[in-house]
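Asks: Listed here are the chains, written in short residue letters.
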Amino acid sequence: MIQDYLFFTGINILLAWSVYVVLLTGNLSFAQGAFMAIGCYAAGIMTTRYGVPLAVAVPAAMLLSSAAAVLVGFPALRVRGIYLILVTVGVTFCVRIALENVAYTGGVEGLKGMSGTRLWHLGAAIAAVGLLLFLLSRSPLQRILDAVREDDRVAASLGVNLTYVKLLAFGAGAAIAGLAGALYGHYLIFVRPDNFDILVSIFVVLYVILGGVNNMWGPLLGATVMTLLPEFIRALQDWRPTMFGVAIVVMLLLRPEGLLKFRQPSARWSGHAGR
Amino acid sequence: MPVADREEPPVLRVEALAKQFDGLRAVDGVSFDVARGEIVGIIGPNGAGKTVLINLISGFYPATSGSVHLAGEDVTSLPLHEIGRRGIARTFQNIRLFRRMTVLENVLIADQRHARRPARAFFAFGRQRTEIARAARYLELMGLAARADRLAGTLPYGEARRLEIARALATEPKLLMLDEPAAGMNEEETAELVQDVRRARAAVDAIVLIEHDMSLIQALSDRVVAMDYGRVMAAGTPAEVLADPNVQRAYLGEEGGP
Ligand SMILES: Nc1ncnc2c1ncn2[C@@H]1O[C@H](COP(=O)(O)OP(=O)(O)OP(=O)(O)O)[C@@H](O)[C@H]1O
Ligand SMILES: [Mg+2]
Numbered sequence: 001m002i003q004d005y006l007f008f009t010g011i012n013i014l015l016a017w018s019v020y021v022v023l024l025t026g027n028l029s030f031a032q033g034a035f036m037a038i039g040c041y042a043a044g045i046m047t048t049r050y051g052v053p054l055a056v057a058v059p060a061a062m063l064l065s066s067a068a069a070v071l072v073g074f075p076a077l078r079v080r081g082i083y084l085i086l087v088t089v090g091v092t093f094c095v096r097i098a099l100e101n102v103a104y105t106g107g108v109e110g111l112k113g114m115s116g117t118r119l120w121h122l123g124a125a126i127a128a129v130g131l132l133l134f135l136l137s138r139s140p141l142q143r144i145l146d147a148v149r150e151d152d153r154v155a156a157s158l159g160v161n162l163t164y165v166k167l168l169a170f171g172a173g174a175a176i177a178g179l180a181g182a183l184y185g186h187y188l189i190f191v192r193p194d195n196f197d198i199l200v201s202i203f204v205v206l207y208v209i210l211g212g213v214n215n216m217w218g219p220l221l222g223a224t225v226m227t228l229l230p231e232f233i234r235a236l237q238d239w240r241p242t243m244f245g246v247a248i249v250v251m252l253l254l255r256p257e258g259l260l261k262f263r264q265p266s267a268r269w270s271g272h273a274g275r
Numbered sequence: 001m002p003v004a005d006r007e008e009p010p011v012l013r014v015e016a017l018a019k020q021f022d023g024l025r026a027v028d029g030v031s032f033d034v035a036r037g038e039i040v041g042i043i044g045p046n047g048a049g050k051t052v053l054i055n056l057i058s059g060f061y062p063a064t065s066g067s068v069h070l071a072g073e074d075v076t077s078l079p080l081h082e083i084g085r086r087g088i089a090r091t092f093q094n095i096r097l098f099r100r101m102t103v104l105e106n107v108l109i110a111d112q113r114h115a116r117r118p119a120r121a122f123f124a125f126g127r128q129r130t131e132i133a134r135a136a137r138y139l140e141l142m143g144l145a146a147r148a149d150r151l152a153g154t155l156p157y158g159e160a161r162r163l164e165i166a167r168a169l170a171t172e173p174k175l176l177m178l179d180e181p182a183a184g185m186n187e188e189e190t191a192e193l194v195q196d197v198r199r200a201r202a203a204v205d206a207i208v209l210i211e212h213d214m215s216l217i218q219a220l221s222d223r224v225v226a227m228d229y230g231r232v233m234a235a236g237t238p239a240e241v242l243a244d245p246n247v248q249r250a251y252l253g254e255e256g257g258p
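Quick mapping for you: the protein sequence lines, in order, are chains S and C. Position 90 of the first sequence, counting from 1, maps to 90 under this note's numbering, and the rest follow consecutively. Position 157 of the second sequence, counting from 1, maps to 157 under this note's numbering, and the rest follow consecutively.
Hints are computed from structural coordinates only; laboratory data are not their basis. Computed from a predicted structure; not experimentally measured. Yeah, the Cβ is synthetic: ideal placement off N, Cα and C, and Gly gets one too. Errors might be hidden in some of the hints.
Example chain S residues on the side facing chain C (calculated, C-beta under 10 Å, incomplete) [what the hints assert, rightly or not]:
1. L63
2. V108
3. K112
4. G159
5. L168
Label-pair restraints from in silico Cβ distances [as the list claims (entries may be wrong)]:
6. L63(S) - Y157(C): 31 to 37 Å
7. A124(S) - E172(C): 55 to 61 Å
8. G123(S) - S67(C): 46 to 52 Å
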């Protein structure tokens, strides 16, 4: 039981980071549940039908999720703000309906027989993604992404190719969601399209907004707290959506930038040699 | 004024440039050249089309007609980032810094080695000593080194304007365009700005300077283009242009005019 809590917390941390990475360029994605589904089904089909080892299926599934994101994102990232949000919502609906209606993916019955995910696999995945995000936060790419979020046209006039940078973030976010999906399927053994309901995507965005969008720790904290709290405070379980609603309203009023709102500069003058 | 080599194309050549907003021709057939080493001032009453002109040259607005050549290359319909890479940098009348990032980071973003290859920029994590040393040059040039780790959004007005210049210079542009850099500055700051722009001049091939402050225009410009209603109303040396009867008339009754 405790193992399950940890597992779902871990999956939600990965998903929250996948939203965070896309949000770095200022785009809010409600499609991360869909990319998770693509990763889950892709890896599941590979291992159960073609005997591909899990260690190969996971990275392949990540690549596929990422490729799907780039395909959708290339036309979609031209539109901005609320329209892009609507596009990502649309993606989530489309993927779910496709999974339900295509016989190859098992239709509404879903996919079964996947196994092999151990808790430490998920731990390693979180450590790896976390390390990459940490290195990112100390790299010139971080500030390019942040600049695009703050004022994309000014960033462009400084030589930054916006389409490329936004696709990079969208693709990387989808890869992380695909990773979460692949591990998720091989833990649950049995998945159905309604495991990837739009609510999954919405909840993950809420974790990120609650935790904070300016650093990698905010999404981690948001996902952890919001996954575990209802599990440990049993009385809250039936009230999960209500609790979310209240938490969001309170947070937006009191701390609109999330619990952890600090932003770490990508470089510092103070360390500058000889000054 | 430096005599341009016959073979060398001007740093900037604007030809019959026009911008139509529905019902309004904000820029209406403007042509002028900027030679290597020059500072060209652009003056004109409010609404004359100066800012729109800069937006056209820097690619923020697509031109309705006409052309822009940078060092002989047609850049008229290139995408924004491509124009930045070719060597046009600018500041903004309504300051547009990355406010939640530090002063140093604002300049570092302009570092072309990373801006042009974002994926590769990931692998440059760490202390970034060479990047900071390059940025330091521009921060020091604009007297902002002591402010490096402050958030750009917390800078006072004069420093924010200087940071915009430092950021633009850090792209290592051929052409620098300044949109009312002295707006909102007191006399002392304006005098400092004259020095700053002179120093900036050494770092670029040419400068286009939009200003309402005539003392600044006279102190800095080699030539002046005066605009009104989207057209060039006079062009020449600062003395010639300011003495032009049309220019005098356009500024009559204008607050802040000469
Ligand atoms: N995006 C836009 N859409 C429609 N009209 C615009 C737009 N931008 C500018 N204009 C109009 O174009 C005209 C020229 O404006 P512009 O900002 O270039 O003037 P300016 O010479 O820079 O004036 P100021 O000295 O006040 O800055 C104005 O009438 C303005 O209202
Ligand atoms: Mg203007």
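Asks: Against chain C, is L63(S) within 10 Å by beta-carbon distance?
Replies: violated, 16 Å
Asks: Let me know if the C-beta of V108(S) comes in closer than 10 Å to any C-beta of chain C, holds or violated.
Replies: Not OK, violated: V108(S) not within 10 Å of chain C, min 40 Å.
Asks: Given the hint of 31 to 37 Å, is the C-beta distance from L63(S) to Y157(C) inside that range or not?
Replies: violated, 49 Å
Asks: If I claimed the Cβ atoms of G123(S) and S67(C) lie 46 to 52 Å apart, would that claim hold in this structure?
Replies: At 59 Å between Cβs, range violated.
Asks: Identify whether the interface hint at K112(S) stands, where standing means a beta carbon of chain C within less than 10 Å of its own.
Replies: Violated, because the Cβ-Cβ distance from K112(S) to chain C comes to roughly 38 Å (cut-off 10 Å).
Asks: Does G159(S) pass the interface hint, meaning its C-beta sits closer than 10 Å to a C-beta of chain C?
Replies: Holds: closest Cβ of chain C sits about 4 Å from G159(S), inside 10 Å.
Asks: Would the hint on L168(S) stand, with a C-beta cut-off of 10 Å toward chain C?
Replies: holds, 6 Å
Asks: Note whether the CB distance of A124(S) and E172(C) lies within 55 to 61 Å or breaks it.
Replies: This hint is violated: roughly 43 Å between Cβ atoms.
Violated hints, listed in ascending order, are 1, 2, 3, 6, 7 and 8; each of the other numbered hints is respected by the structure.
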